[in-house]
Amino acid sequence: MKKALAALIRHPSGRIGLFIVGLYLIIAILGAVGLTPHNPLQQFMLDRLKPPSGNFWMGTDLLGRDTMSRLMLGIGQSMIIAFASVAFATLAGTVIGLLAAWWGSLWDGILMRLMDVLLAFPAILLALLIIAIVGPGTLTSVAAIGIVYTPIFARVVRGPALSLKRRDFVDAARTFGSSQRYVLTRHLLLNLVAPLAVQVTLALAWALLTEAGLSFLGLGTQPPTPSLGLMLSESKNLMTQAPWLMIFPALTIMLGILGFNLTGDALRDILDPRTQRRDA
Amino acid sequence: MSYVVQRLLTFPLILLGVSVLVFVSIRLIPGDAITAMLGTEAGMMTPAQRAALAAYFGIDQPVWSQYLRWLGGLFHGDLGISSIYGKPVLTVILERFPLTLQMALMSMVIALLIGVPLGVLAATRNERPSDLIVRIFAMLGQSTPSFVIGVLIIYVLSVYFGMVPAMGTFTPITVDFWASIGQLIFPAITLGFAFAASVTRIARSAMLDVLSDDYIRTARSKGASPMSVVWHHALPNALIPVVTLSGVEFGYLLGGAVIVEQIFALPGLGRLVLDAITQRDYALVQGSVLFIAFNFLVVNLLVDLAYVALDPRIRLGGR
Chain D
1 MKKALAALIR HPSGRIGLFI VGLYLIIAIL GAVGLTPHNP LQQFMLDRLK PPSGNFWMGT
61 DLLGRDTMSR LMLGIGQSMI IAFASVAFAT LAGTVIGLLA AWWGSLWDGI LMRLMDVLLA
121 FPAILLALLI IAIVGPGTLT SVAAIGIVYT PIFARVVRGP ALSLKRRDFV DAARTFGSSQ
181 RYVLTRHLLL NLVAPLAVQV TLALAWALLT EAGLSFLGLG TQPPTPSLGL MLSESKNLMT
241 QAPWLMIFPA LTIMLGILGF NLTGDALRDI LDPRTQRRDA
Chain Z
1 MSYVVQRLLT FPLILLGVSV LVFVSIRLIP GDAITAMLGT EAGMMTPAQR AALAAYFGID
61 QPVWSQYLRW LGGLFHGDLG ISSIYGKPVL TVILERFPLT LQMALMSMVI ALLIGVPLGV
121 LAATRNERPS DLIVRIFAML GQSTPSFVIG VLIIYVLSVY FGMVPAMGTF TPITVDFWAS
181 IGQLIFPAIT LGFAFAASVT RIARSAMLDV LSDDYIRTAR SKGASPMSVV WHHALPNALI
241 PVVTLSGVEF GYLLGGAVIV EQIFALPGLG RLVLDAITQR DYALVQGSVL FIAFNFLVVN
301 LLVDLAYVAL DPRIRLGGR
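So the sequences go chain by chain: D and Z.
Using the working numbering, read the first sequence as starting at 1 and increasing by one per residue.
Using the working numbering, read the second sequence as starting at 1 and increasing by one per residue.
It is worth saying that the hints were derived from the structure and are not from the lab.
In this text, a Cβ means the ideal position worked out from N, Cα and C, and glycines have one as well.
Among the hints, erroneous ones may be present.
[What the hints assert, rightly or not] Using C-beta positions, here's what the derived DEER-type ranges look like: (1) MET45(Z) / LEU41(D): 38 to 44 Å; (2) SER228(Z) / GLY22(D): 55 to 61 Å; (3) ASP168(D) / PRO226(Z): 44 to 50 Å; (4) PRO226(Z) / LEU189(D): 45 to 51 Å.
Chain D extracted, bound-state conformation:
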């Protein structure tokens, strides 16, 4: 873990990625404890649609709310949904992939075909269907994004797990009488940490993107809670009068996704020697 982090810092794009991710986490925490320049929900009636200034660094919106404070809270909201949904997808996908590989034959077929069914849905439509059933909200976004990405993790885990299962050291552990749970967690899961770490980081980038997309459609985070996607979509009608309402959320979304993508790519470089210096 420490070694991977040190290698990441040494990697040129990994360093930039880690910096962005760290910055976003700090901003999210500052927003969560209320350390924003202004109250993000307060409407400064006399300062509506003001361009960036010393008081409002990123301007104000139609209701006179401070864009920067809202962005800080929006980052927090996006990060919570991204981390929670990826945690869900990682857990569910890993369990399904491991069991499919371990039980083999019929169960493998059933579980993986079920994953294929989920993969045959376009991601955003599957999320829309789930949101229609449960109603939009933070938890729904987490569940929807989590379910959409579960099959990908199941696939990432199943392949290597299948080949590990046939390796001698797993056979040896079983002959020595290790319990099934011990073999699964100690010998299989531990060896899957590297491919999973790469997948988790890249999935965080997609989750951020999907969350922003759902909020952009008005189906993610519900107002008055600020969210990056919704701020961008609301800016659409005002873009000629108040371009700052569009530019800052757009840059915030891009930079966040970029941060996770850079980190994920760097991790892949470091953990997979074959692709070293290739996919940067």
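Dock chain Z against the given chain D, drawing on the hints supplied.
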């Protein structure tokens, strides 16, 4: 070859799974179809009228019997009647599909025209400034959501060029070729941008892989010109992963692009499904999701077949 046969056999199975999943999940959405269809007028109906309407759309039956009836209808192209449009579901879908197909094709063409040359350029200048610039472009492209690009394009067009991209209308390509292309060019660029970035990355890394192969060294040592080595010897093999990636991406795009269609107010498949879900048009959701999943699976199957055809190592049973 058994791999392909296996894929063909699981194909109907996955479609069946998709159909069950969508059939059940749309019925889990709170609120009933009749109220969603008629809005406030639903309150004015007598129970008998309500029942008659439910019977007309076949939603008075138990769910399993509705499912079997629907499945039976599928085999002769009957997907039911859309409650929003009052027309057969298949007709509604086929009205929307040309736009989605054309937009997907246009974005793929844009992505390949930009991505392949950039990827090759970057690979042949590995670690030099031009390679770095291409890589930064590709990374940024992959990290920019389509709606950010779309909103930026509209902003630039309206502020700097004083024009508004054609919105809301679509002329089929068979009616007026250039008008049709013109209406979809900005949405296609929006979708093609991230697509081009992925193509660039995969083309670059595939090209780097191939360029270090022995046969390339042989070609070089027998005196083939650098241009000929890159375009003639290396590119065909480097294109295999590009074909796979583009195919899968194209398959996704055939499912409609909800967000981009929403930004440019285009009547494509994505918004059709969105409207159908919000208005509880059971038959239309079922039909269109199945249609989208079917296309996606067919495209993926074709990609796999192309992969087998392009790579003799697989064709000759190296798996």
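Status of the hints after comparison with the structure:
| no. | hint | in the structure |
| --- | --- | --- |
| 1 | MET45(Z) / LEU41(D): 38 to 44 Å | holds, 43 Å |
| 2 | SER228(Z) / GLY22(D): 55 to 61 Å | violated, 48 Å |
| 3 | ASP168(D) / PRO226(Z): 44 to 50 Å | holds, 47 Å |
| 4 | PRO226(Z) / LEU189(D): 45 to 51 Å | holds, 48 Å |
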